[in-house]
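Trainee: Chains as they are written, first to last, in numbering that gives the first Met the number 0: chain A, 0 to 176; chain B, 0 to 176.
By construction, these hints were calculated from the structure, which means they are not laboratory data.
Beta carbons: idealized from backbone N, C-alpha and C, even for Gly.
It is possible that part of the hints are untrue.
Which chain B residues stay away from chain A? Per the calculated CB distances, all over 12 angstroms, these [what the hints assert, rightly or not]: (1) Glu12; (2) Leu18; (3) Arg32; (4) Glu61; (5) Gly95; (6) Ala104; (7) Leu109; (8) Pro126; (9) Pro130; (10) Arg132; (11) Asp136.
Derived Cβ-Cβ restraints for the label pairs, each shown as a range [said to hold, decoys possible]: (12) A/Asp136 - B/Gly95: 47 to 53 angstroms; (13) A/Val38 - B/Leu47: 22 to 28 angstroms; (14) B/Lys49 - A/Ser62: 36 to 42 angstroms; (15) A/Ser23 - B/Gly95: 41 to 47 angstroms; (16) A/Ala48 - B/Arg108: 32 to 38 angstroms; (17) A/Gly29 - B/Ala91: 48 to 54 angstroms.
Here's a subset of chain B near chain A, in silico, CB distances under 8 angstroms, partners left out [as the list claims (entries may be wrong)]: (18) Glu35; (19) Val38; (20) Thr78; (21) Ser81; (22) Gly114; (23) Arg117; (24) Ala143; (25) Ala144; (26) Leu146; (27) Asp148; (28) Phe149; (29) Tyr150; (30) Asp151; (31) Ile158; (32) Ala160.
Number of protein chains: 2
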Amino acid sequence: MRPELDPIVFRYEARDGDLDAVRSIVASTGFFRPDEIAVAVELVGERLAKGDASGYHFVFAESAGAVLGYACYGPIACTVGSYDLYWIAVDAAAQGRGLGRRLLAESERLIRGRGGRRIYIETSGRPQYAPTRAFYDCCGYKTAAILEDFYDADDDKVILAKSLIDSVSHSVRAGRE
Amino acid sequence: MRPELDPIVFRYEARDGDLDAVRSIVASTGFFRPDEIAVAVELVGERLAKGDASGYHFVFAESAGAVLGYACYGPIACTVGSYDLYWIAVDAAAQGRGLGRRLLAESERLIRGRGGRRIYIETSGRPQYAPTRAFYDCCGYKTAAILEDFYDADDDKVILAKSLIDSVSHSVRAGRE
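Working from the sequences, and respecting the hints, build out all of it.
Mentor: Below is the structure:
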């Protein structure tokens, strides 16, 4: 029998300890280069230093006091209601429990609450990112653009987008049926 | 007879006075909202405060000591050789002299010198930006992607791109003929 798992609790305010937690989570995935890990940690630092003015908002997923995963999103400057999902990562040891999907859904709920209309996610077109793209596809994100050789030669940027307005109207319609 | 114009001199280091110069130039174009003008000025402030570490590089076009236009570009984090051209603007009173084109060419020369492979420019798909898009088209930029409703409902983002590697090899070939 699978051991009982402690419930997941979401937390939205960053703490000093999240600098290490985020470094550890992002590194554990084995997916990111050192310079990318540094950027992930830097965004937490910006949040701690400037609060909402940083433009970075977080959702931390905790269980029994340990941070197992997190998402980072924020409004895109000079747009009305467009948001970037900058990071979403789940500790390697906590993967396979649907935590990524819950973090994404919670981020979408918060973005919608802030009047967000659209969410953008940027990822790599390289074969090793196929599971990442499949995850987002599964969560309703569509490929909006492919920028060839953006990250490097033979490493395209794939821009995924999801309209929150459509999903809201769909759920309203569904609720009325 | 057209009066003799003072020659244009390029300057690359930002000065305190550029905060006002950039605000004035960007506002004079009548093209940008107050929040966009604030972002333009903020990038100069970042440059003054952090130097190269800001990630923002500038080209100022001066004539007789007055700043008539400028461009701002920088490397895109987590990419190998991809650069964003963040801003290019020419004072309304100095337009029509090919200054925009010279600022763009000078920016490309500097980016190439830093090992840049590709330059990206983001602009709006709205009709009023048609001359902007025509300018970039004329300078060799191709539409790489269109993100619908990105800036606002019915206000798409158009991503233009130019490969510097191609233009280098073309000019080498041309030089050999």
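Trainee: Against this structure, judge whether each hint is valid.
Mentor: We went through each hint and held it up to the structure:
{"no.": "1", "hint": "Glu12", "in the structure": "26 angstroms, holds"}
{"no.": "2", "hint": "Leu18", "in the structure": "18 angstroms, holds"}
{"no.": "3", "hint": "Arg32", "in the structure": "8 angstroms, violated"}
{"no.": "4", "hint": "Glu61", "in the structure": "28 angstroms, holds"}
{"no.": "5", "hint": "Gly95", "in the structure": "27 angstroms, holds"}
{"no.": "6", "hint": "Ala104", "in the structure": "22 angstroms, holds"}
{"no.": "7", "hint": "Leu109", "in the structure": "20 angstroms, holds"}
{"no.": "8", "hint": "Pro126", "in the structure": "18 angstroms, holds"}
{"no.": "9", "hint": "Pro130", "in the structure": "20 angstroms, holds"}
{"no.": "10", "hint": "Arg132", "in the structure": "16 angstroms, holds"}
{"no.": "11", "hint": "Asp136", "in the structure": "18 angstroms, holds"}
{"no.": "12", "hint": "A/Asp136 - B/Gly95: 47 to 53 angstroms", "in the structure": "48 angstroms, holds"}
{"no.": "13", "hint": "A/Val38 - B/Leu47: 22 to 28 angstroms", "in the structure": "23 angstroms, holds"}
{"no.": "14", "hint": "B/Lys49 - A/Ser62: 36 to 42 angstroms", "in the structure": "39 angstroms, holds"}
{"no.": "15", "hint": "A/Ser23 - B/Gly95: 41 to 47 angstroms", "in the structure": "57 angstroms, violated"}
{"no.": "16", "hint": "A/Ala48 - B/Arg108: 32 to 38 angstroms", "in the structure": "36 angstroms, holds"}
{"no.": "17", "hint": "A/Gly29 - B/Ala91: 48 to 54 angstroms", "in the structure": "53 angstroms, holds"}
{"no.": "18", "hint": "Glu35", "in the structure": "6 angstroms, holds"}
{"no.": "19", "hint": "Val38", "in the structure": "6 angstroms, holds"}
{"no.": "20", "hint": "Thr78", "in the structure": "5 angstroms, holds"}
{"no.": "21", "hint": "Ser81", "in the structure": "6 angstroms, holds"}
{"no.": "22", "hint": "Gly114", "in the structure": "12 angstroms, violated"}
{"no.": "23", "hint": "Arg117", "in the structure": "6 angstroms, holds"}
{"no.": "24", "hint": "Ala143", "in the structure": "5 angstroms, holds"}
{"no.": "25", "hint": "Ala144", "in the structure": "3 angstroms, holds"}
{"no.": "26", "hint": "Leu146", "in the structure": "5 angstroms, holds"}
{"no.": "27", "hint": "Asp148", "in the structure": "6 angstroms, holds"}
{"no.": "28", "hint": "Phe149", "in the structure": "6 angstroms, holds"}
{"no.": "29", "hint": "Tyr150", "in the structure": "5 angstroms, holds"}
{"no.": "30", "hint": "Asp151", "in the structure": "4 angstroms, holds"}
{"no.": "31", "hint": "Ile158", "in the structure": "7 angstroms, holds"}
{"no.": "32", "hint": "Ala160", "in the structure": "7 angstroms, holds"}
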